[in-house]
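Based on the sequences and whatever the hints tell you, model everything.
Protein chains: 2
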Amino acid sequence: MQTKKTSSARTAILEQATPLFATKGYSGVSMRDISKKVGTSAAALYHHFPDKQSLYMAVMEFVFADKVKNIAPPPEDNSPASRQLEHFVGNFVNLLASDPCLRALLQRELLDGDEARLKLLAKRLFIGPFEAIATFAKSLSSNSDPHMLAVSMIGLLLFHFETIPIREFLPSGEDKHNNTEVITSHVTQLLTTALGVSE
Amino acid sequence: MQTKKTSSARTAILEQATPLFATKGYSGVSMRDISKKVGTSAAALYHHFPDKQSLYMAVMEFVFADKVKNIAPPPEDNSPASRQLEHFVGNFVNLLASDPCLRALLQRELLDGDEARLKLLAKRLFIGPFEAIATFAKSLSSNSDPHMLAVSMIGLLLFHFETIPIREFLPSGEDKHNNTEVITSHVTQLLTTALGVSE
DNA sequence: GTCTATAGCCTGATAGAC
DNA sequence: GTCTATCAGGCTATAGAC
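Protein chains in written order, with my numbering: chain Y, 831 to 1029; chain V, 831 to 1029.
Calculated from the structure, these hints are not laboratory results. As the structure is a computational prediction, the values presented were derived from the model and not from experiment. You may find that some hints are simply not true.
Identical chains blur together in the list; that is why a pair holds if it fits in one copy or across any two.
Unchecked claim - In silico BS3-like cross-links for lysine-lysine, where the CA-CA straight-line distance does not exceed 30 angstroms:
{"hint": "1", "residue 1": "Lys1006", "residue 2": "Lys949"}
{"hint": "2", "residue 1": "Lys897", "residue 2": "Lys953"}
{"hint": "3", "residue 1": "Lys968", "residue 2": "Lys866"}
{"hint": "4", "residue 1": "Lys882", "residue 2": "Lys968"}
{"hint": "5", "residue 1": "Lys867", "residue 2": "Lys854"}
{"hint": "6", "residue 1": "Lys1006", "residue 2": "Lys953"}
{"hint": "7", "residue 1": "Lys968", "residue 2": "Lys897"}
Listed below in structure tokens is the structure:
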């Protein structure tokens, strides 16, 4: 019973490639770009990954694996609904704030991914957490469609981060709107009211 | 007082380039790709646009100009707030559903755009409509931050469209969740409750 | 206004030495 | 496991004929 030994070269490649793909997208990054950032040659990358697509998919798994697993409170959580909601929003906001690449890669995939890749990513990474959020949503508001409510909750959160780069050019856009506590409390308050969760 | 004569070749290029940039992104589309779809040569494109960047920016103006101008109800609208909200959501959903390129290009720009380009796009295209939405949001809920509320409302709507390609692979994802009326009524109901807008 | 041809560079990927 | 060298082709953009 032995876990795979961590190949540090491989991990270093994934770590360096992640922010490149997140900021420039799949077709905006070349194998040479990655190799330069790692401090090696392009040919060396092909020793660790068979091709660019495989490297990219490995980056996706590297970024998402485990990070989004426990995003929703477990069904057996007995704390008050208002507290659960507050924690859920807070945890989600902290995750998005602490790892900007995660959000960018998710949104790029929704724009770029073909059917096969989205199916694979959904199956391996997103189905579990999404199901948990939908179940949590259902426990908060039993007469709404849990699928739609989960989508609404996630979208509500994401867009505050998605708009960070343009906010300073929009009316009343201030630094405080990028602050995690401000986003958390705004979204929590909105959802608490929307779902009729008693305080 | 004469408006610029419509150059039909130029317009044809913009029309063909729009879905390409929307689906594959700036660096995923070559001038040859565009020229093939238009049915001309790559060199011909350079007669109408000085370079690829200029063509892309022209596409952005072509897609956004006027379309998002009247997205929010005017301040002098005297219909009940619940009706205004319903119309706003309905109009926004219809816009996003009728023109998938508009949403994709907006989200790509938020991911790809450098500071200068985002500033330019904000100034020329987004400030007006965003301001109108924020003002509308303030009229609905005077004690919330209008900027954050506007961001929340837009994000709530967008994500239902952003997730269309992956929804079929997520739990309980059904075709009905892609239906404009279903999205409109879900979001309207959510916002009506969240903002305490009386029916 | 559109064409063909091409310059000059970048691309993913491979071969073979070490 | 990493290197240099290289292939075959794609890229933006331009030159110059028509």
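Checked hints:
1. When the C-alpha separation of Lys1006 and Lys949 is checked against a cutoff of 30 angstroms, the pair qualifies only between copies, where the shortest distance is 19 angstroms, while the shortest distance within a copy is 37 angstroms.
2. Proximity of Lys897 to Lys953 under the C-alpha cut-off of 30 angstroms is restricted to the intra-copy arrangement: shortest distance 15 angstroms within a copy versus 37 angstroms between copies.
3. Taking the shortest alpha-carbon separations for Lys968 and Lys866, neither the intra-copy value of 48 angstroms nor the inter-copy value of 49 angstroms comes in at or below 30 angstroms.
4. Taking identical chains as interchangeable, the C-alpha atoms of Lys882 and Lys968 are never at most 30 angstroms apart, the minima being 40 angstroms within one chain and 48 angstroms between chains.
5. Within a single copy, Lys867 and Lys854 get their C-alpha atoms as close as 14 angstroms, and across copies as close as 25 angstroms, so both meet the 30 angstroms cut-off.
6. In this assembly of identical chains, the alpha carbons of Lys1006 and Lys953 lie at most 30 angstroms apart only when taken from different copies (21 angstroms versus 37 angstroms within one copy).
7. In this homomeric assembly, Lys968 and Lys897 come within 30 angstroms of each other (Cα to Cα) only inside a single copy, at 23 angstroms, whereas the closest approach across copies is 36 angstroms.
Of the numbered hints listed earlier, those contradicted by the structure are 3 and 4.
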